[in-house]
Amino acid sequence: EAQVTQNPRYLITVTGKKLTVTCSQNMNHEYMSWYRQDPGLGLRQIYYSMNVEVTDKGDVPEGYKVSRKEKRNFPLILESPSPNQTSLYFCASSLKWGAGGELFFGEGSRLTVL
Amino acid sequence: AQSVTQLGSHVSVSEGALVLLRCNYSSSVPPYLFWYVQYPNQGLQLLLKYTSAATLVKGINGFEAEFKKSETSFHLTKPSAHMSDAAEYFCAANFGNEKLTFGTGTRLTIIP
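The listed protein sequences correspond, in order, to chains A and B.
Start counting the first sequence at -9; every next residue gets the next number (the working numbering).
Start counting the second sequence at 190; every next residue gets the next number (the working numbering).
Below, in silico cross-link-like pairs of lysine-lysine (DSBU-like), each with a Cα-Cα straight-line distance of 30 Å or less:
no.	chain 1	residue 1	chain 2	residue 2
1	A	K47	B	K238
2	B	K258	A	K86
3	A	K86	B	K238
4	B	K257	A	K86
5	B	K247	A	K86
Because the hints were derived from the structure by calculation, they are not lab data.
Please construct the entire structure, taking both the sequences and the accompanying hints into account.
Here you go:
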């Protein structure tokens, strides 16, 4: 089954404790991206990757890192989480960005930082 | 600035009634436009998309949307609401950069 898989789905952590949210897609998509969803703000892009080893900042990259060493994986790293990073995170992928290509989303990772 | 606006953060309709969710975009060039649906504890699922082939776009679950350039709108409709339509709906646009720009979402409630 074609899918985007995120782990963990739910996580409660404390300020400053490094964490990684994994994202993997099995559709051989070139483009991958991370969004965060907050009430009243919709979804905002954190980072994106057009292909392996190519990543760039989105609208809200502060406090996050990413890497794209393999085509299928695009982990999101919070080096020192803070309470304002409490949010619902979505990983998404697309075959090749542009010309109306749609995004396929994972099921989300709900992160709480105490 | 390029943006997507959804009017009404909450919309309630009776079962069997018309569903109308509003979306307007701000851009000098018409973007590619999308409607996504999010059910509780799930990711976003594509309902339909406009890519300039036809102004009236039909999607899944009986939804459709009409692109109106003169009104910079892409409103989502369904003739008869069903209880299973209760969810949050997001309008999004690709303005030609490296992301989708999302509206703030509309939560649809269906009244039995």
